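As they're listed, the protein sequences go chains S and P.
Read in order, the letters of the first sequence are residues 1 to 452 in the working numbering.
Read in order, the letters of the second sequence are residues 1 to 436 in the working numbering.
Quick caveat, the hints were computed from the structure, so don't treat them as lab data.
Keep in mind that the hints are not guaranteed to be accurate.
Stated by the list, open to error - Reference listing, derived: stretches of chain P covered by chain S, where coverage requires no fewer than 3 residues with Cβ under 8 angstroms from a Cβ of chain S:
hint : segment
1    : 253-267
2    : 284-297
3    : 307-317
4    : 395-402
5    : 421-427
Claimed, not checked - Here are some of the chain S residues that sit facing chain P, going by a computed Cβ distance under 8 angstroms:
hint : residue
6    : V126
7    : A133
8    : Q137
9    : Q146
10   : K339
11   : T343
12   : G417
13   : R419
14   : P438
15   : G443
16   : H444
17   : Y445
A quick note: this is a predicted structure, and the numbers were derived from the prediction, not measured.
Virtual Cβ for every residue (Gly too), placed ideally from N, Cα, C.
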Amino acid sequence: MSQSPDAASSASDREAAGGAGHSVSRRRFLIGSAGAAAAGAVVGAGATRLADPGAPAESGTSSGASTPVGVSGGTGSSSPDLVDLATRVPFYDQPHPPGIITAPQRHAAYMSFDMLPGTTARDLQVLLARWTAAIAQLTAGKPIGQVQPTRADAVGLDTGEALGLEPASLTITVGLGPSLFDKRFGLAGKRPILLRPLPAMPSGGALQAAVSDGDLSIQACADDPQVTYHAVRNLARMVRDTAQTRWTVMGFGRASAGAGQQTPRNLLGFKDGTRNIVTDADRAKFVWIDDGSWMSGGSYQVVRKIEMHIEVWDADRVSDQENVFGRTKSEGAPLGGEKEFETPDFTRKTADGAPVIDPTAHIALAAHENNNGVKILRRSYNYTDGIGQYGQLDAGLLFIAYLNDPAHFVTLQSLLGARDLLNEYITHIGSGLFAVPPTPATGHYIGEALFS
Amino acid sequence: MLVRHSRRPAATGLAAALTVILAACGGTSSTTPTSSEHGGTATTRSVPSASAPSNPGNSPSGSADGSLAPIAGGVSQVKLTLDGNSCTLDHRAATAGPITFTVTNISAAGLTEIELLQDQRIVGEKENLAPGLGSVSFTATLDGGTYVMYCPGADQENQDFTVTGAAPTRGPSDVRALLADGTKGYGQFVETTLTDMTVAVDNLKTAVDSGNVSDARAKYALARPFYEKVESDVAGFVLPGSDPSDNHGNLDYLIDMRASNLDPAVGWTGFHAIERDLWDGSGKITAQTKKYAADLQTNVTKLVQLARTLDYQPEDLANGAAGLLEEVQNNKIKGEEEAFSHTDLADFNANVEGARQAFAFLKPGLAEIDPTLTATVAEKFDAVRAALNPYRDATQPGGFTLWTAELRASDAATLSKTVQALQDPLSKIAEKVATA
C-alpha cells in the first residue's frame, strides 16, 4: 500500500541524516538572507540544517555522514540559516521534549484545546497515547495513517496535504494546562507543582479568553508551513470526539534565535533574542524541571499573544524606536555600544548625565542584570491575523518562553507590563501557561505518569 | 457536498429478494461487553461459517506459530503484538468456537487499528491502539474457515488465520440481516416524512392563498423540517428525462434554492422565495408568492413520487447522516439557510434529527460491528440535542429562538464544535456497515 508508513525507521533515520546512497535530488534547501547569494551554488549530498550543537535532541540528525553546508564560488561564506527540509528531529528516547532547545524552525502552528464535557480520564489517556504515536509518525515525515483508504466508503486517517513533503525538522511540543488538573479527571494529585494559572499582570489591555488558556496545547514547528499546519490539523481531527479546539495562531517567521543561529527580527524590525539562553548550564538552571517529580526533564511553557500597533510604530522615528528597545535598529547593538553581542552598559551616562540606555527601555527592564540574574528561554514567532476591525494590520508576536519556574516570567512581565517604553506599541491579548512533560521512551506516551 | 448515493430505485424483483432474505435471517444477535485483563473493552459476537475462501494473495506469517491456539476456560487464546512496524500473531490457527484476541501495541506508532476479516467482512476489530496503552481484547465465535487478520500500515498487512472444525453452536448473529432491517425501517421513516411534508406544503399553499402573512409564516416554519430531515436522500433528484446538469429539472434546486446560489437561467422559486416574500420588510403576499406556493406543491409532489422508488444500502444511511451534518455546518450554523426568517435552528434540529434517525436504524447492526463507536456516536448525538435545548422557544415560528446575527456571533462557534465532535465519529460508520 502506497501510504504505509516506512518499513524501517532506522533506515529512514540514516536517510534523513544524509547517509551514503541517499538521493541528492530529493533534497531541498532553504537559504536564509545571508546565504541567498550562494543559493545556486549549494553542492554536496549531505547538507544539513544546522542544529544547535549544544542540543542533545538534535544529535541524531547532525551525526553520521551528514556534512556541513557546502558552498562554492566566491559569493560568500556558508549561511547559518541554510536549512535542509529532509532533516528529522528525533522524538522518542530524548532527554528533553522537542521544540524547546531545538534550533527554532521557520514556522509554527500553535493550537490549544479543551476536553469535551463528559470526557473521562481514560479518554484523556487515549488522547495522549494516540497523539504521541501520531507525533512520532509526523516528525518522521510519515502520514498518521492511510490517506487513500483501501476500503470503499472509508474516510482517510490522514488528510494528505503533507504527502511528498519532507519532515522539515518538524517538532511537536505538547502542553498540559492548569485546568486539566481540576476535578474532572481526578488528576489533582498529579498537578505539576508550579502549574497554576498565571496571575493578573499589567499587560496594556485586557486578555481575551478566546485566545487564552486551554486544557492542552500543541506547538508544531517546522521549516515548511504546510508541514506545521498539517500536523496540528490532523492532531485536532483525530481527537475531535474528545477535545475541541480553543484557539490557534500561525507563526510565519521565527523571532528568537537558538544557539548558532542568526538573531531574527520581530515585526517591529528589531532583533529579538540576542541575549537568549544558549548554554547547557543556563538551560539546566532556568529551563529544565529537575525536582524529582514525574515532570523532571520537562519544562513550563508561557505563551502570550502580543498584538503590535504596527501603523503607530511605523510612524515613530527610528531614534525613538531605538530608545524604546535600548538597541540600534540595524546592528542591534546596545545603545552606547557598537556590536550586537556586546554586554549592555546600563550605568553609562551621556555628557549631560542622562543614562544612555533608558532605565525603562525594553532591554533594560528585561536584563538579567536587573532581575536578580533571572533568564528565560524565548522561542517566539511572528504572526498575522489579517486586517483588524479598525482597518489596521493585525499582527504581532506569539511570544513563547520555556522556564522551570513560571514565577520568573511573572517577575519580568510585572516589571515590563508596568514600565516598558514598548507598551505604547504592544498589547498582550492572549495568555497561557502549560506544563510540557518529559519526552516518552519508545513504547510509551506523553504524560503516561499521570495514569500510573 | 452533494451526497452520492448507491441507492437506486428498487426493481420489483430486488424488493422481492430482499423480503426473502429478511425472512430467512430473522434472528437477533447479542453483543456481550466483558472487561478484559487490562482495562480494555472486550466484545463478543458470533459469525456464521466462512462462505468464501480468504484472499488467495495472503502469505502465511513467517513468525506465527502454525499450531492451534491454546484454550483456556473453553476459549481459544490468541495474542496479537504490534511492534516496530510488524503485526504478529502468536498462533495463526485455532479451534472453531469462541476465540479471544488480545492485542498489545508495544511500539508501533503507525499502527492504530486491526481487523479480523472474513471475506472482506469485519468480524472483530480494535481501534485506538497506541504504544503504552496496555492490552485490549475482543472475542468472536468463529466457525471453521479461513480468516484474515488485517493490520493497516504494517509490514505485512494481511495474514491468514485458520479456524478448524465447526463451532459447537452457531450464534444467531447476522449483522447483515440487522442492517437490512435497519435500511427497511429507515425507508419507512423517509416515506412517512415525505407524506407529512406533502400535507405541510399543502397547508402552506392554503395559507399563502388566503393572503394571511402571519399564518403563512407559521405554516412555512412547520413545513421546513420535513425536507431538512431527509434532504440528503432526495437532494440528487432530477425530473425524469431532464438533463442532470440543467437546474430546470433539478428538484432540490427548485424546492430549496437560496438567494446565494441562484441560477439566473432558472430564476428563483421554492421555499426560500416564499420565505423572502413573507419576511422581507414587513412581509407581503403577492400573486407571485402564490405562484411560488403552487409550484412548490407541484415539485414536492413529484419529489415524493420519485423518493418512493428508493431503497437504501446501509452505507447510504451513514453517508446521508454525514451529509445532513454537513448541511448543519455549511448553512445552518452560518444562518445562510433561512436568511429572512432566521428559523435556521429549526432546520438545524431537523437535520440532526434526520441524521439521528438514520443512525438509530443502523444501530442494532453497527453495535455488533463496533460497540465502542456506536456508543460514542449515540453519546455525541445526545450532546448535540442537549446543546440545542436552550434555544427551544415555542413562541417562535419553527419552535426555536431566531438565529440572528447577534446570537450567531456569540453562540455559533460553541454549537459548531459540538457538531464537530459528532461529525468525526459518525464519518467512520459508512465503511463499517458497507463491509459488514
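Okay, the hints, checked on the actual structure:
1. Three residues within the 8 angstroms Cβ limit are the bar, and the segment 253-267 of chain P against chain S gives 0, so the coverage statement is violated.
2. With a cut-off of 8 angstroms between beta carbons, the segment 284-297 of chain P has 0 residues touching chain S; three or more are needed, and the interface restraint is violated.
3. Remark: the segment 307-317 of chain P is not confirmed as covered by chain S, as 1 of its residues place a Cβ nearer than 8 angstroms to a Cβ of that chain, below the required three.
4. Interface restraint, the segment 395-402 of chain P with chain S: violated (0 residues with C-beta to C-beta distance below 8 angstroms; minimum three).
5. With 6 residues having a beta carbon nearer than 8 angstroms to a beta carbon of chain S, the segment 421-427 of chain P meets the requirement of three or more and the stated coverage holds.
6. A distance limit of 8 angstroms between C-beta atoms decides the matter here; for V126(S) the minimum to chain P is near 5 angstroms, and the interface restraint holds.
7. Among the interface hints, the one on A133(S) holds; its C-beta lies about 4 angstroms from the nearest C-beta in chain P, closer than the 8 angstroms criterion.
8. With a cut of 8 angstroms, the hint placing Q137(S) at the interface with chain P holds, because the nearest CB-to-CB distance is about 5 angstroms.
9. Annotation: interface hint on Q146(S) holds; nearest CB of chain P at approximately 6 angstroms, less than 8 angstroms.
10. Because the closest C-beta pair between K339(S) and chain P is about 46 angstroms apart, greater than 8 angstroms, the hint is violated.
11. For T343(S), the interface hint is violated, since its Cβ never comes within 8 angstroms of a Cβ in chain P; the closest pair sits about 46 angstroms apart.
12. At its closest, the beta carbon of G417(S) sits 29 angstroms from a beta carbon of chain P; the interface hint therefore is violated under the 8 angstroms criterion.
13. A distance limit of 8 angstroms between C-beta atoms decides the matter here; for R419(S) the minimum to chain P is near 37 angstroms, and the interface restraint is violated.
14. For P438(S), the shortest C-beta to C-beta distance to chain P is roughly 14 angstroms, which exceeds 8 angstroms, and the interface hint is violated.
15. The beta carbon of G443(S) is positioned within 8 angstroms of a beta carbon in chain P (closest approach about 4 angstroms), and the interface hint is therefore held.
16. Among the interface hints, the one on H444(S) holds; its C-beta lies about 4 angstroms from the nearest C-beta in chain P, closer than the 8 angstroms criterion.
17. The interface hint given for Y445(S) holds, since its Cβ lies 4 angstroms from the closest Cβ of chain P, which is under the 8 angstroms cut-off.
This entry does not satisfy hints 1, 2, 3, 4, 10, 11, 12, 13, 14, going by the numbered hints stated previously.
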